[in-house]
Amino acid sequence: MLFSTTDPEPQPTAGNAKIRKGQGYANKFANAGISITGKRDAATKKAGVKVLQTALNRDYGAGLDVDGIWGTNTDNALGQHYVKNGETQYMVTAAEILLLLRAYDPNGVEIPGTFGSGLLSAVKAFQKAQGLTVSGTCDRNTFLKLIS
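Here the sequence shown is numbered in the working numbering, starting from 645 and rising by one per residue.
Calculated from the structure, these hints are not laboratory results.
Do not take every clue at face value.
[Stated by the list, open to error] Label pairs and their calculated CB-CB ranges:
hint, residue 1, residue 2, range
1, G730, K772, 30 to 38 Å
2, G677, N729, 29 to 37 Å
3, D711, K672, 12 to 20 Å
4, E731, L788, 16 to 24 Å
We treat Cβ as the ideally placed atom computed from N, Cα and C, and that holds for glycine.
Sequences are here, hints too, so could you generate the full structure?
Written as structure tokens, this is what we have:
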């Protein structure tokens, strides 16, 4: 097929592919309503909090407003909750999406998620890069760093 000189040049897909994927999942899982930019901007960080709030509501009946604002109620709801290899729950889904939003690949996203080897590797890599204890368990400190 021939193209005329007025046809636009194909544009490369903007931003980071993993972040774009995470933004799409944030929209699907938490109705985040953000644009798919592939950039970790303020809207993407707020979407990450919405993802965590949604998971806390689904798993623990936290009754949080899914507003993307980290406040006392959300902090208290997170408490000392964690997810580890072999567990299946919405907090696993949150970990998968939050890692994508930080450009780490958990090797898939499930709703509810099952914590498998791909997520384990991504959690460990993220923990190491952030100077956290490399346990492979997505604990409070890891969740807090993921949404920061």
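Is 16 to 24 Å respected by the C-beta to C-beta distance linking E731 and L788? This hint holds: roughly 19 Å between Cβ atoms.
Look at the Cβ atoms of D711 and K672 and judge whether their distance stays inside 12 to 20 Å. holds (18 Å)
Using the beta carbons of G677 and N729, state whether their distance is inside 29 to 37 Å or not. holds (32 Å)
Hint check for K772 and G730 - Cβ pair distance inside 30 to 38 Å: violated (21 Å)
In summary, the structure is inconsistent with hint 1 from the numbered list given earlier, while agreeing with all the others.
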